[in-house]
Amino acid sequence: MKKLLLTGIAALFLATGTAHAGSPWTEADGPDVIFIALTKFRCGPAREIEVVLWQPYNTVTQKQLDFQRVTSTNSNEPLAGRMTYKDNTFFYDGKPCERPES
0 MKKLLLTGIA ALFLATGTAH AGSPWTEADG PDVIFIALTK FRCGPAREIE VVLWQPYNTV
60 TQKQLDFQRV TSTNSNEPLA GRMTYKDNTF FYDGKPCERP ES
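Counting from 0, one number per residue, gives the positions in the sequence shown under numbering that gives the first Met the number 0.
One or more of the hints may lead you astray.
Said to hold, decoys possible - Here are the simulated distance ranges between beta carbons:
1. 36 <-> 76: 18 to 24 Å
2. 90 <-> 57: 25 to 31 Å
3. 79 <-> 58: 27 to 33 Å
To be verified - Derived DSBU-like pairs: lysine-lysine, alpha-carbon spacing no greater than 30 Å straight-line:
4. 62 <-> 39
5. 39 <-> 94
6. 62 <-> 85
7. 39 <-> 85
Calculated from the structure, these hints are not laboratory results.
Predicted model, so just to flag it, every value in this text is computed and none were measured.
A virtual CB, placed ideally from N, CA and C, is assigned to each residue, including glycine.
Full structure from sequences and hints, please.
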């Protein structure tokens, strides 16, 4: 049973590495870093911008890294503006964003 579990975990890491191959994140942060989606936020005057906050995790050292990444789910354009994550709140251009309803 233990061998089956380890084989499954190894397959997961291989699949994750394959999915991220060639990604700018993997190239910048190293092949041993995966990103875990922490939460989503809606930002902007009409809450038209949806962003995802990602936490990097090093699979070799088994530790979270001390920064986050932010991506937009509804735009191919790069996010522009000042972004801050403090006390579990995401701020976009100095204004708090809201978490969408689950």
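Hint-by-hint comparison with the structure:
Against the hinted window of 18 to 24 Å, the Cβ-Cβ separation of residue 36 and residue 76 comes to about 20 Å, which satisfies the hint. Checked against the hint of 25 to 31 Å, the pair residue 90 and residue 57 passes, with Cβ atoms roughly 27 Å apart. Hint check: residue 79 to residue 58, Cβ distance near 32 Å, so the stated range 27 to 33 Å holds. Simply put, residue 62 and residue 39 have alpha-carbon atoms about 22 Å apart, close enough for the 30 Å limit, and the pair holds.
Of the supplied pair hints, the one linking residue 39 and residue 94 holds, its CA atoms being roughly 16 Å apart against a limit of 30 Å. Distance check on the hinted pair: residue 62 and residue 85 sit about 21 Å apart at the alpha-carbon level, within 30 Å; holds. Using a Cα cut-off of 30 Å, the hinted pair residue 39 and residue 85 holds, with the two alpha carbons roughly 14 Å apart.
Going down the numbered hints, you'll see the structure goes against none, and every one checks out.
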